[in-house]
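Undergrad: Residue numbers (this note's numbering), protein chains in the order written: chain X, 1 to 112; chain S, 1001 to 1291.
Quick caveat, the hints were computed from the structure, so don't treat them as lab data. Heads up, some of the hints might be wrong.
[As the list claims (entries may be wrong)] Each pair of labels, with its calculated beta carbon distance range: (1) X:E61 to S:Y1057: 55 to 61 angstroms; (2) X:M1 to S:C1290: 54 to 60 angstroms; (3) S:D1094 to X:D87: 44 to 50 angstroms; (4) S:K1122 to X:E13: 46 to 52 angstroms; (5) S:S1071 to X:I39: 49 to 55 angstroms; (6) S:E1206 to X:I85: 27 to 33 angstroms.
Each residue gets a CB set at the ideal place from its N, CA and C atoms; glycine is no exception.
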Amino acid sequence: MKILFTVKDNSWESQMDARFGRAEWFLVYDEANDTSDFIDNSDVNSQSHGAGPLAAQKVFELKPDVLITGNGPGGKAASVLNKMIIDIYTGAGEMTVKEAYNAFKNGKLAKE
Amino acid sequence: MKEIVVISGKGGTGKTSLTASFAMLAQDDIIVADCDVDAADMHLLLKPDFAKTEDFYSGELAIIDQDECNSCNLCFEVCRFDAITVNGRQYSVDQVNCEGCAYCSRVCAVEAITMQPQIAGKVFTSSIKTGATMVHARLSIGAENSGKLVAKVKKEAKNLAKTQNKSFVLVDGSPGVGCPVVSSLSGADYVVFVTEPTVSGLHDLERVNDLVKRFKIKSGCIINKYDINEDVSKQIQIFLSKENITHIANLPYVENFTKAMTLGKTIIEYDKILSEILRNSWKNILKDCCE
Chain X
1 MKILFTVKDN
11 SWESQMDARF
21 GRAEWFLVYD
31 EANDTSDFID
41 NSDVNSQSHG
51 AGPLAAQKVF
61 ELKPDVLITG
71 NGPGGKAASV
81 LNKMIIDIYT
91 GAGEMTVKEA
101 YNAFKNGKLA
111 KE
Chain S
1001 MKEIVVISGK
1011 GGTGKTSLTA
1021 SFAMLAQDDI
1031 IVADCDVDAA
1041 DMHLLLKPDF
1051 AKTEDFYSGE
1061 LAIIDQDECN
1071 SCNLCFEVCR
1081 FDAITVNGRQ
1091 YSVDQVNCEG
1101 CAYCSRVCAV
1111 EAITMQPQIA
1121 GKVFTSSIKT
1131 GATMVHARLS
1141 IGAENSGKLV
1151 AKVKKEAKNL
1161 AKTQNKSFVL
1171 VDGSPGVGCP
1181 VVSSLSGADY
1191 VVFVTEPTVS
1201 GLHDLERVND
1211 LVKRFKIKSG
1221 CIINKYDINE
1231 DVSKQIQIFL
1241 SKENITHIAN
1251 LPYVENFTKA
1261 MTLGKTIIEY
1271 DKILSEILRN
1281 SWKNILKDCC
1291 E
């Protein structure tokens, strides 16, 4: 399973980023191969408007099975994400990435 | 550390006056963030000292290199915003009209047009009259507030709250339901709605509540000037209980509300009765937010 986290820094020790569109980094963790890819989101961050839909488009291209974030995507971003098969889990904004992963594994995160 | 965002949907409900009052009540245990940058006026009440100033870049502007330009007129033909000014054989960009779309830059055969980051305004970190720190911004003429600017102000405020070990970030959000509002809600822990008993007050509250629900943020509501239309006030209260929004307080219409503002004072410094209601409101907000 491929899991995408919105994170503040490019490390597993990092805090989660509660924001979706303007998250600092995306972490894509592939459980099957145990590989972690950190994707710089500053190109989306630097847009004045429409960060949510742009970030959603990025997620669309990365094709994760699961998205774990803080508050959850806004209306426009959600309508893009609804076009793909993805499970969205929220409420991880105040956790570290590791904590968020464990919380997800233990079924402690809210599913959209 | 908790982030409390004050929004209204409709403009002119008293949101900023109340946010400034809460900033007074919280004294030194908060960082204030003014994200209502289109019409930033909280500084009039909180008297920041503009201690630290930083340029804020957003979007791009086309610049024509006069030495490279061969006056082919293509940029003028493609520009949808009438931003290319022609004076004889000299072509230049009207900085106010340019939207930064880069069409001219793309079609220019001699590559005379480059896109340069635009200074959209300034971001300030100030000390206000309570001694607390406030992060705020001022836009350049013709520039507009954006999700990006709101995100920057909030990020700065949150970092300061962490380093100064403060319990709360108090955010004055922007009106409406657009990009800046989405950005001010993202990452927030609690929302305070400030509304008024008018048809548009309720309508815009409903709209912005849809956004807050999407982000699953707990919320409470203050009905300002509740006594100017008690029927609509009742409708609002029914809406609040239906939507599980805490009804924080009803504020009566009092002329001192405006008088305090014209003197550059918060309500806390000017009207005893309103102060008492607001003191309780702030207590309830903190309780509801931390539950």
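Undergrad: If a hint holds in the structure, say so; if it doesn't, say that too.
TA: Okay, the hints, checked on the actual structure:
1. X:E61 to S:Y1057: 55 to 61 angstroms: Violated: the Cβ-Cβ distance is about 27 angstroms, outside 55 to 61 angstroms.
2. X:M1 to S:C1290: 54 to 60 angstroms: violated (35 angstroms)
3. S:D1094 to X:D87: 44 to 50 angstroms: Because 49 angstroms falls inside the window, the suggested range holds.
4. S:K1122 to X:E13: 46 to 52 angstroms: 34 angstroms Cβ-Cβ, so the 46 to 52 angstroms window is violated.
5. S:S1071 to X:I39: 49 to 55 angstroms: violated (44 angstroms)
6. S:E1206 to X:I85: 27 to 33 angstroms: Taking Cβ atoms as reference, E1206 of chain S and I85 of chain X lie about 32 angstroms apart, which means the hint holds.
Checked against the numbered hints listed earlier, the structure breaks hints 1, 2, 4 and 5; every other hint is satisfied.
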